[in-house]
Structure formats: C-alpha cells, structure tokens
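Engineer: First to last, the sequence lines map onto chains A and B. Start counting the first sequence at 1; every next residue gets the next number (our numbering). Start counting the second sequence at 260; every next residue gets the next number (our numbering).
It is possible that part of the hints are untrue.
Stated by the list, open to error - Short derived list, chain A residues pointing at chain B, Cβ under 8 Å:
1) V22
2) N42
3) K48
4) V65
5) D68
6) R78
7) G85
8) V86
9) H92
10) K94
11) K215
12) P217
13) V218
14) I253
15) I254
If you're looking for bench data, these hints aren't it; they were derived computationally from the structure. Built from N, CA and C at the ideal position, the CB exists for glycine as well.
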Amino acid sequence: MMELQPNPVIQRYLRTGKKHPVFFCPGCQVGIIMGALIRGINECNLQKDEIFLVSGVGCSGRMPVYLDLCSIQATRGRALAFATGVKMAKPHLKVIAVIGDGEAVSVGTSHLVQAARRNIDLTVVVINNFMHAMTGGQPSPTTPHKTIAPLAPYGNVEHPLDICDFAVCSGATFVGRQTAYHAENLAELLAQAIKHNGFSLVEATSLCHMKPERKSPVDALLWLKEKAAKGEIITGIFKNTAKPELTGEYEKIIKANRS
Amino acid sequence: MKFISGCRAIAQGALDAGVRFYAACPNDPVSELAETMALELPKLGGKFIQMEDESAALAAAIGASSVGSKALVATSSPGFTLLQEHISYAGLNEVPVVIVNAMQYGPSTGLSSIPMQQEVFQSRFGANGDYPVAVLTPSSPKEAYDMTVYAFNLSESHRIPVVILIDQMIATMKETFDFRENPRLLTRIPPRHHFLLTGLPSDLEGFPTYDPREIKQQQQRLFQKYLSIERMYSKFELEDANVAVIAYGTTSRAARAAVKMARGKKHKAGFFKLMTLWPFPREELIRLSKKVKRMIIAETCTSEQLANIIKSCCLGECNYTLVKRFDGNLLTPKEIYDGITA
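Generate the whole structure from the sequences, applying the supplied hints.
Structural biologist: Shown next as structure tokens:
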C-alpha cells in the first residue's frame, strides 16, 4: 500500500502548534486553494517574515489558523481595510488577503472598490463558491439566477455579479481567475499576482460539496472542470497593467517632506 | 505657550506620543484634527490615509497597530457608531489603538455643530460582547493634550482600545497652554512568533478555541485588565461640602463656575469631575455619596445616562438633583447654581 508522504513545501508553511482536527470538511476545496497559495508564495522566494496574511470570516477565513505567517482574521468583509492599514504602516510586507464571495462583493464591496482604485499593493484571493457556505448555502451576490437555495426557496430572483469584471472596473491592475480543479495553474496565477506591484485580485472558483446539499468532493471538482471546459467559467488573466502604487507614491511624499 | 483648539491639542499630543499612523474619514467637528495629521505625519515618516468609512478607518488603524505603528482614529457620533465593531475587535485581540469621539447632537445624523453628552453608554457598550475599553473625558484643550499622551500609554500598557470622549465644544474651542516637554512613553515589544489575531474566542497562542476553560480564561483576563485601569477624577472644594456637583467634559466647566458662585454665597458646595468615565470610579462616588447630603448630576443628555450610572451604584445613600439640558445649548453655571441652591 502506498504511504502518503508530507509535502516538504507545504509543511514549511504550516503552523506546528495548531491543535487538530482541522476545521475544514474532508475534501474541502479551501484546502486545495491553500495548497496552491503556499506553492505560489514559495515560487516568489519570500521569507515567511515578509508576508502578512489577512482573512475574513466564514470557511476561507480560517486559513490563517493553519498558515505559519503573521496574520489577522478580520471582521466580516473588512479584511481589505485591515490589509490596507498593515500595508501602509509596513510597505515592505507582502500583504495577502483571502476572502470569500460573501464578503468581497457584499459587505466588503466598498473596501474592494477603494483598495483597487488606490492601487495599493495587496494580493486578494477571492474564494468564490457562489454562496454563503458556512451558514448553510444561502445566496451570495455571485449566486446564479434561478438557483434554489436556503433563503431563495423559489429560486434566486437576483442576478449574479462577476467578481473579475468588477475588479477590472474598480481599477485593479492585475486580475485573473482559476478554479480549484486547476490547482497548478492557480498556483502559477497566484505567484504572478504576488509578484505584481499593485492591487492584484485572483478569483479562485470553487464549489462547496457540503452545502446546500451533499455531493462527493470529486463530483464538485469535476463540475468545475466541466464548467471551465464549456467556457461557463472563464479562466485566465483579464488585466495586467502598471500604474503608480499607493505606498510607493506615499514614500515619495515622505522623502520630499521629512524634516 | 500655544493658542490652539482641542483638535490641534489632540493631534499634537498624539504626535508627541509617537503616533505614526492615522486613518481618516471626513467628519466634523474633528476635521481639523485629520487635517493636522495629514500635514504633519509625512514629516515624521508617519502614514496618513483617508479611508472609505469609519469602520474601515479603525480597521486600518488596528492593522497598522498590529504591525507596530501607534495608531489614532478620530470621528464624531454617527461615525463612532459605524466603527463600534472594531472597538470590540481591538478589545478582544488586545491591539492598542486610540479613538477620539467628538460627541454631537443626535440621534441619527444629528448636527455636528451642536455639542451633547449622549454617548456615556455607546462609548463603553456600543459593540457586541464583553470587551475592555477605557473612556477618558478631557474638559479643555490642555487636558485633551495631556490625556491623549496618557491614552497612548494606557493603550500600550494594558493593550486595550482607549476612547477619548470629547464633544464639539472641546474639539473647536481654543485655549493657551504649554506642552509637556518629552513626555514619558511606553514602547512596544515586537512579537516573538507569527501571531494570529482572530475575532473568535482564542487560547493563549491565539488559536480559535471551543474549550470552556480557555474561553473563561480569556474573558477573565480581559475583564481583570479592564478593572485594573486607573480611575482618574479631580475634586474641588469637597472637603467640607454637603452638596456635590458631578459632571464631566464640557459641562464640568460650568459646574466648576457654579460651585465658585455657590461658595461666594456661603453654600457648602463642592465639585467632583470625572476624568475616566469607564471604568467608572464607583468606590469613590459611593464614599462621596455617604459624605454629602445631596448630589447634583449635571449633563447635557435627555436620557440621564450619567445619572443612571451614579444612581445604580450609590442608590439610597443621598438625595439627587438632576440638572440637564437637551436643547442643543450648553448648561450655564447659573442653571447648575440653581440646582445647588434648590
């Protein structure tokens, strides 16, 4: 029987003191996305002390519990506001924010727009599973039209928002999307986003296999594969441009005025 | 000597206390404070950012403080309501941060040019959960300067959010005074490991926990810390007094004048000024209530918030006279004097 060996790259970035069992459900795609994030960080040759991780609430919000990085699990939707403070105060830190769709484009909408508009050097990973998964699968602003869900028992009468389009319109200078099924591509995309100097957003499309009704984790991944193959989930880089970055611009003001 | 407003005094106090991060949100009557910080911080290598709302401003300040920058946020009543969730967050996560709240007439949007004292409870219990927060109430620009320096030391020593509760009057009035030379400051010890802040109940290492013992331990630590905060107050002519006036902030200026008037007419009146509103100087007021025959509680608040706390801790010990005003104007010394002689 084949014995599973711990991956040394992944192990290097995990906290050792964390009490188990882990919070995520077995087969959860947040784990896959966390693995992709670790590989992406590893590819950028960053020391652990050079990275700061911010998350919000919900399932994706628990990521900092497992990653051995200085981190903040913020209040709901406010992750980018916390991240902005961290980055402004200590611009040498590479600040990564991991948030869900139920935060990024609902309560955290204004923070996403403003951070993108400022072009502050943050890397935002939006884990989009098209619902508020932890609370039972209620609709989020990305839930497709007519989807039946708790709080939408007769079908979702609202229309979904495309997070990547929204980020591009807000002025983000790097925007891309990959799915949890395409984990290796996601890791590459995340590495590119982290290396980008400016506001970068990566939508990691996923599907919760527990809510609203259970399915197998494999089926959930295959659903992503199929949707991407049909072009219903468009993957790739949508924007990659350069624009003066906020903290860099502020450093110039400090340099010119420091007494 | 400087002739400056309460806003400028707080800004100067904060800069002298080592503040290097300010997150703003345009908000009268504290706009002058933000403008001063925007101008002065880059000269000291500090950072200024205008955030989208007050909640985001305090979130950014907590973020900056968590990586070692002393941080300040200033707002007035409706904005103070917006940022409440993060006072609770800073209290739970033991992140030092100072918040200035210039009280104005409410409810709702209210009017920023009218001073009121309606936030005795919001400043302490505005957010969910039991969290520690200290509330200081300066009554002049000079006191605002001194208390700002003190607020930063208190927030560092106890690792708590500290609210400086002023009102529109203190924010905009000007006064001549000297700054303290090189105030004594507390400095931060950098974290020794990769810390984790979380809004969940957590163990000593910061990991979320469901263990009742660890939850209890955390709550106890936070509450003990709150209780250990020094209660500041000042007494005026109280030694032989049989009537004591109790007030804080702007109203205390009129109260002091009223006591002087009363003494001039041979009334045995004294004045107890609250400088730390929370934690409330409960023991001291109970002692006072046993000593005097009557207490005059003066505040510009419709729902008698200050009077409610005093009555709840000194119930039945003496008689009370409430002197309140809620038409947007300040209490005059005459009105309080009438309360003393009634």
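Engineer: Each of the hints needs a verdict: does it hold here or not?
Structural biologist: Hint check:
no. : hint : verdict
1   : V22  : violated (12 Å)
2   : N42  : violated (16 Å)
3   : K48  : holds (7 Å)
4   : V65  : holds (6 Å)
5   : D68  : holds (5 Å)
6   : R78  : holds (5 Å)
7   : G85  : holds (3 Å)
8   : V86  : holds (4 Å)
9   : H92  : violated (10 Å)
10  : K94  : violated (13 Å)
11  : K215 : violated (28 Å)
12  : P217 : violated (24 Å)
13  : V218 : violated (29 Å)
14  : I253 : holds (5 Å)
15  : I254 : holds (5 Å)
Consistency with the previously given hints fails for numbers 1, 2, 9, 10, 11, 12, 13, ordered from lowest to highest.
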